[in-house]
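A.B. asks: Now for the letters of each chain:
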Amino acid sequence: MSSTLQNLVNQPYRHGFVTDIESDVAPKGLGEETIRMISAKKNEPQWLLDFRLEAYRHWLSMDEPRWPNVKYPKIDFQAITYYSAPKPKKLDSIDQVDPELLRTFEKLGVPMNERAALAGVAVDVVFDSVSVATTYKEKLAEVGILFCSISEAVQKYPELVRKYLGTVVPSGDNYYAALNSAVFTDGSFCFIPKGVKCPMDLSTYFRINTQDSGQFERTLIVAEEGASVSYLEGCTAPKFDTNQLHAAVVELVALERADIKYSTVQNWYAGDENGVGGIYNFVTKRGLCKGADSRISWTQVETGSAITWKYPSCVLLGDNSVGEFYSVALTNHHQQADTGTKMVHIGRNTRSTIVSKGISAGRSNNSYRGLVKIGPKAEGARNYSQCDSMLIGERCGANTFPYIEVRNPTATVEHEASTSKIGEDQLFYFAQRGIGTEEAVSMIINGFCKTVFQQLPMEFAVEATKLLGLKLEGSVG
Amino acid sequence: MIRDGAKPLLEVRNLRATVNGVEILKGIDFTARLGEVHAIMGPNGSGKSTFAKVLAGHPAYTVTAGEVLYDGANLLALPPEERARAGVFLAFQYPVEIPGVGNSQFLRLAYNSVQAQRGKDELDPLEFDDFVREKMKLLEMNPEFLDRSVNEGFSGGEKKRNEVLQMALLEPKLAFLDETDSGLDIDALRVVAEGINRLSSPDNATVVVTHYQRLLNYIVPDYVHVMDAGRIVKTGGKDLALMLETRGYDWIDEEARAAASA
Chain A
1 MSSTLQNLVN QPYRHGFVTD IESDVAPKGL GEETIRMISA KKNEPQWLLD FRLEAYRHWL
61 SMDEPRWPNV KYPKIDFQAI TYYSAPKPKK LDSIDQVDPE LLRTFEKLGV PMNERAALAG
121 VAVDVVFDSV SVATTYKEKL AEVGILFCSI SEAVQKYPEL VRKYLGTVVP SGDNYYAALN
181 SAVFTDGSFC FIPKGVKCPM DLSTYFRINT QDSGQFERTL IVAEEGASVS YLEGCTAPKF
241 DTNQLHAAVV ELVALERADI KYSTVQNWYA GDENGVGGIY NFVTKRGLCK GADSRISWTQ
301 VETGSAITWK YPSCVLLGDN SVGEFYSVAL TNHHQQADTG TKMVHIGRNT RSTIVSKGIS
361 AGRSNNSYRG LVKIGPKAEG ARNYSQCDSM LIGERCGANT FPYIEVRNPT ATVEHEASTS
421 KIGEDQLFYF AQRGIGTEEA VSMIINGFCK TVFQQLPMEF AVEATKLLGL KLEGSVG
Chain B
1001 MIRDGAKPLL EVRNLRATVN GVEILKGIDF TARLGEVHAI MGPNGSGKST FAKVLAGHPA
1061 YTVTAGEVLY DGANLLALPP EERARAGVFL AFQYPVEIPG VGNSQFLRLA YNSVQAQRGK
1121 DELDPLEFDD FVREKMKLLE MNPEFLDRSV NEGFSGGEKK RNEVLQMALL EPKLAFLDET
1181 DSGLDIDALR VVAEGINRLS SPDNATVVVT HYQRLLNYIV PDYVHVMDAG RIVKTGGKDL
1241 ALMLETRGYD WIDEEARAAA SA
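Protein sequence lines correspond, in order, to chains A and B. Note that this note's numbering has the first sequence beginning at 1, numbered continuously upward. Note that this note's numbering has the second sequence beginning at 1001, numbered continuously upward.
Don't read these hints as lab results, they were simulated from the structure. You may find that some hints are simply not true.
Computed footprint of chain B on chain A; a stretch qualifies when at least three of its residues, placed anywhere within it, have a C-beta under 8 Å from a C-beta of chain B [claimed, not checked]: (1) 183-190; (2) 441-447.
The following residues of chain B were derived to be distant from chain A, with all beta-carbon distances above 10 Å [unchecked claim]: (3) PRO1059; (4) ALA1073; (5) GLU1081; (6) ARG1085; (7) LEU1109; (8) GLN1166; (9) SER1182; (10) GLU1254.
Glycine is no exception: its CB is placed at the ideal position from the N, C-alpha and C atoms.
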């Protein structure tokens, strides 16, 4: 690989600052006592404590998954802090937010305050484990939309939370989902009532600030009959040379004719160029198309984390329901990603689309893993999958692991895959036409990711394009 | 056209270059003056394409000796994109495919990068669209090319036309056409050759690398050079190409051997 290309892909991490604010931190370690402590701190009802304890007991009986195509040392779950909250934490308005914290968000480019109004974005900010401020709550409440932190929802709308929590991702679903169910500290809750089209994009910004703290957020989004919502999630973390665990659970429920679009731009700290530090991003995201004609669409741009283990999935239960997964995963240096989706077709005439774009640079390893499962009752089900990999340089790897299970003869399943390479000859072709390496790489990458970026809301698409640029471009001398 | 007192545009002296440690160019001397058309012929593997790529600055090749003056300045000191912006153009023998990058976007960016260098106005997408469509008409190209990815799924002939289209857009001072005739049927050859001839002027120089005399029926060279084993071993007028067509290359070797033993 030429040295210019080397420079291009070695852009430093920009969100690696630590915010100096006082936190209310629980001692390290995990046990029933920790869970009772978290539950008590959050003043939770008994049923939720029971949910946590059941999950914890389940977790104890489970083993860490070893099937992903990633390598890391065994995690010491006793060395992790399970609760870390900025002080003071009781807030009635955005003015009460620690100014240091606000500056952090400014550095992150989080749209809040007036900027939020201009951008038309309502932001629920999760900083370490506690949701700091939720903007636009009142405006949304006028149309009956509930948008708040999940802790607040537990207090204010316990029946709604109880009705849906754990219905898409059961507490014992997998190792990390069980861990999350036991210790989750905050996250977002969003409820769109019958027939309401959410008038703005809703947004959460996650950030991990404390060293050795785990972030276990829990997000629950419910769209009732005929409702629709577009939800954006962005993530960053400061630089530490130890690994931090992020084990989130996101559950989406779409009732009849409901439409949920969930977009993520993930830029957790990925570790340095030698692979030291960085986030372990072990996340369970799943949507249930419960009603007929419902639709759930996942769009993700994954650029950060030392390890990404994540399969946003759709369970297509309602007849004619639609599941979509659009993904760009970029890995550089020593990053490892094993990501993809599961589309489970249960209802009739259910349809799913998978478009996955993996970009590997440096010594990174990027795997697509996807399951398309067509059940015996899924008459006329259809799936189309497209998995493309792009390699930058000679030392990275890309893999595709598609699993297809079809139990209904009327189903149609298509899978296409390709691998391409940004090579010296392509860059030379650009150069010979007067176009420099930096611009060339950005054009090739944007072209490669176009079908996914088109799915993102406008301001996110711009951010994603810039982010990929930052990851791959910059210091061409 | 050879003109007395024309300014040398390209002066190559004793140029040597290697790829992966193997020497391919073994001391090339070559001069092209403004207004001239040169043809470089020679057997496969004689170094013709390498010569073109080294001049354009392909990173896989290392220049080990010699000098190249372009407009009187050291060409080898410039990175490839700056050589291009300074007016050095290479029509590739095998143009690469660039999936996902639209041809019109690519052409406009290339055009604007050269325009900026020349201190001229850049064109926005709408202005450029009109401009490029005119150029395409001259080459009898279907405008739908603009909506496709760069060279992706193009036939061999379409790729070559796309190269000449780029040459027409960039209006280079020094154009190297590396086997632009291969893969073209006789009608396409005529169209492409006419396009190249139209671009030839007293303010530029054109070098065509070819295996076949037939191209030279359309593009009449002022000089014909024969390359062999990394050197230019013979230079003559346009008749030399005809002689090569009937007699092949062996007689040049024999002549060279005879000259050496005399």
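A.B. asks: Please write out, lowest number first, the hints stated earlier that are contradicted by the structure.
C.D. replies: 1, 3, 5, 6, 7 and 8
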